[in-house]
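**Q** Listed here are the chains, written in short residue letters.
Number of protein chains: 2
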Amino acid sequence: MSELVGPVEIVGTGLLGTSIGLACRRAGLEVLLSDSSPEHVRTASGLGAGRPRTDDDRPQLVVVAVPPDHLGTVIATALRETDAVVTDVGSVKSGPLSAVAGEPRAHRYVGSHPMAGSERSGPLAGSGSLFDGRPWAITPHTGSDPDAVELVEELVRLCGAVPVWLTPAEHDRAVARTSHVPHLLASLVAARLADGPENHLALSGQGVRDVTRVAAGDPRLYGQIVSANAEAVLALLGEVRTELDRVIDAVGSGDRTALQGMLEQGVAGTQAIPGKHGGPVRPMRSVWVSVPDHPGELARLLADAVASEVNIEDIRIDHDPGRPVGLVELVVEERRAEHLLTSLESRDWVTHR
Amino acid sequence: MSELVGPVEIVGTGLLGTSIGLACRRAGLEVLLSDSSPEHVRTASGLGAGRPRTDDDRPQLVVVAVPPDHLGTVIATALRETDAVVTDVGSVKSGPLSAVAGEPRAHRYVGSHPMAGSERSGPLAGSGSLFDGRPWAITPHTGSDPDAVELVEELVRLCGAVPVWLTPAEHDRAVARTSHVPHLLASLVAARLADGPENHLALSGQGVRDVTRVAAGDPRLYGQIVSANAEAVLALLGEVRTELDRVIDAVGSGDRTALQGMLEQGVAGTQAIPGKHGGPVRPMRSVWVSVPDHPGELARLLADAVASEVNIEDIRIDHDPGRPVGLVELVVEERRAEHLLTSLESRDWVTHR
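If you're matching them up, the sequences are chains A and B in order.
Counted the way UniProt numbering counts, the first sequence spans residues 1 to 353.
Counted the way UniProt numbering counts, the second sequence spans residues 1 to 353.
Don't take every hint at face value.
[Said to hold, decoys possible] One side only, chain B facing chain A, incomplete, derived with CB under 7 angstroms:
1) Gly6
2) Leu29
3) Leu32
4) Ser37
5) Gly102
6) Ala186
7) Leu193
8) Leu203
9) Ala215
10) Thr242
11) Ile248
12) Gly252
13) Ser253
14) Ala258
15) Leu259
16) Gln265
No wet-lab data here; the hints were simulated from the structure.
It should be emphasised that the depicted structure is a prediction, and the values quoted were computed from it without experimental measurement.
All residues carry an ideal CB built from backbone N, CA and C; glycine is no exception.
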């Protein structure tokens, strides 16, 4: 059982890096800061997010918070130059993983992704409470050490966020749906406003402001993010295109029933978004699974649990190095527990009912 | 010079009708309520929005606030059965106008459209402050009486809203851009969530909630609205489709420059949305125009001013029945005044510099 005691090194002191530094300092951990911009390190340090890293420092955990294009390189360097567990907070998880997949040290890497941000960027926008109650994906790969996974989970909880376990590939499909495609469509709607006469835009109400808000985000950053997740984004954009053609047909031919049916699908989608954390308490149930205590088995269980499409609210690992089999507790909504059990049993896991 | 003294009759006591009744009562006007549902009238009346209309009542102004499909019929009936000025608050303006265009009484009709609403509906959702600081389009047709236009403007100001003058056809193109197409695209994004695995949706952040919020609106109502504005909506959906294909090409071929260029158009669009009313005061300038005092001339000036694409912040009409020519004052942003003057002069209006 590992415990997060620090030091935590943060590479990249922008909005996310600085916010994580502030949250770790609030919890009393030592935080080491580095950034290609010495000015950003000075600013973040001045805000109380940590101190500049020196060559003698030996971090327990390295958090890589650099722009998407540089993630792979910086993660590989951190694995090579330290003995620390390494995570990153990038918006796409398959790319960085493939950059380190060949490394013998890859077992110390566990990707992650906090669903928090701001239209502002840079260290001055940072806040120790940026992650309060927000989802934060943890995406172990098949070679991740269970101890490394636990350490990253501790970081997530220490920041006040809610862990969401996904495999790297499923994470990328999930954010294509919940973030990248909504961003691109918001941008297409906003672009039509750029073409509009000034007196037409005077009619803009709260609706169009909400729809287009995210489209104000940095085009360079979102260009990197979308490009890094091209496959999953393209699959969904293809669906959107098909549905857009159906809307055009329905409006053009005056088929009110078809149009209303599509609008009803939209209503169903808004209802599918889970309530914000802090809403009414839903009844939970624990599902217990025996896991052979050798490398790769925990990650395999996670991948199979994730494949069941049930949201795992918490994972507790009870592994005693003296025993050949550990017990893993998966906490899920009560109404979904039976489905998870059946799904895991069909994949030959030993469950405890 | 007409003055709004009441009674004001409101046909349709849903969210909008009840809210207008409350605002008029707050200003001390007598308000008469009617609705196909006697229960809605009782509820609105109980909230203080007015009293049930009787056969002996003689309204000065009738406000039609019924669902889009019934606007034309109800407006025509109000013109036929009263001597009042008639306006409506429907989301689309060409349809109702064409329904009354043949009527000899059409000079008493002036369309309008408040840009305010709520995810809730019905009289209980009504509020006398629903329109505070919101844009409210006034859309005179070429046969509208100047006195009727002024009476509707008085209603708009009494409700605390900000008048935006547009022709009916331009209004419809404007709301296709600022409301109907954003709604349809939000609905397409939301529909993809309805298809998504539960554990993927756990990553939903504030961004996707904002993008999809309007898609929760009543599919029957929005089906009516979009169908009533099919031509303008289709023109823009065609543009969106072309741009969506370009996004798919750019992501598919890894053309980062093209993708970034499209995202930059989106940023420009978010910046084109005017600041909310109540923001910093912008310097204004009045443009004075001579208008021959016979029917149709004021509407023709309005149409020409609107065609200049300058947003008209205020119109003041100084017409003395004893004189053959009146003076109309158009108030616009100082930086746009020269453009409006040149535009009107090129259409043979006599301006006073």
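**Q** Each hint needs a verdict: does it hold in this structure or not?
**A** Each hint tested on the structure:
A hinted interface residue such as Gly6 of chain B counts as satisfied when its beta carbon comes closer than 7 angstroms to some beta carbon of chain A; here the least separation is about 28 angstroms, so the hint is violated. Below 7 angstroms, beta-carbon pairs count as interface contacts, and Leu29 of chain B has none with chain A, the closest being about 26 angstroms; its hint is therefore violated. For Leu32 of chain B, the suggested interface contact is broken, since its CB lies about 29 angstroms from the closest CB of chain A, more than 7 angstroms. Annotation: interface hint on Ser37 of chain B violated; nearest CB of chain A at approximately 22 angstroms, more than 7 angstroms.
A distance limit of 7 angstroms between C-beta atoms decides the matter here; for Gly102 of chain B the minimum to chain A is near 23 angstroms, and the interface restraint is violated. Here the hint on Ala186 of chain B is kept, as its CB sits about 5 angstroms from the closest CB of chain A, short of 7 angstroms. Among the interface hints, the one on Leu193 of chain B holds; its C-beta lies about 4 angstroms from the nearest C-beta in chain A, closer than the 7 angstroms criterion. The beta carbon of Leu203 of chain B comes within 5 angstroms of a beta carbon in chain A, closer than 7 angstroms, and the hint placing it at the interface holds.
The beta carbon of Ala215 of chain B comes within 4 angstroms of a beta carbon in chain A, closer than 7 angstroms, and the hint placing it at the interface holds. Interface hint at Thr242 of chain B: violated, since its Cβ lies 10 angstroms from the closest Cβ of chain A, which is beyond the 7 angstroms cut-off. Against a cut-off of 7 angstroms between C-beta atoms, the interface hint on Ile248 of chain B holds, since the closest Cβ of chain A lies about 5 angstroms away. Interface restraint check: Gly252 of chain B against chain A, minimum CB-CB distance 6 angstroms, threshold 7 angstroms, status holds.
The criterion of a C-beta within 7 angstroms of any C-beta in chain A is not met by Ser253 of chain B, whose closest approach is roughly 9 angstroms, and the hint is violated. Below 7 angstroms, beta-carbon pairs count as interface contacts, and Ala258 of chain B has none with chain A, the closest being about 9 angstroms; its hint is therefore violated. Interface hint status for Leu259 of chain B: upheld, as the beta-carbon distance to the closest one in chain A is roughly 5 angstroms, under 7 angstroms. With a least beta-carbon distance of about 4 angstroms to chain A, the hint placing Gln265 of chain B at the interface is held under the 7 angstroms criterion.
Of the numbered hints stated above, those contradicted by the structure are hints 1, 2, 3, 4, 5, 10, 13 and 14, listed in ascending order.
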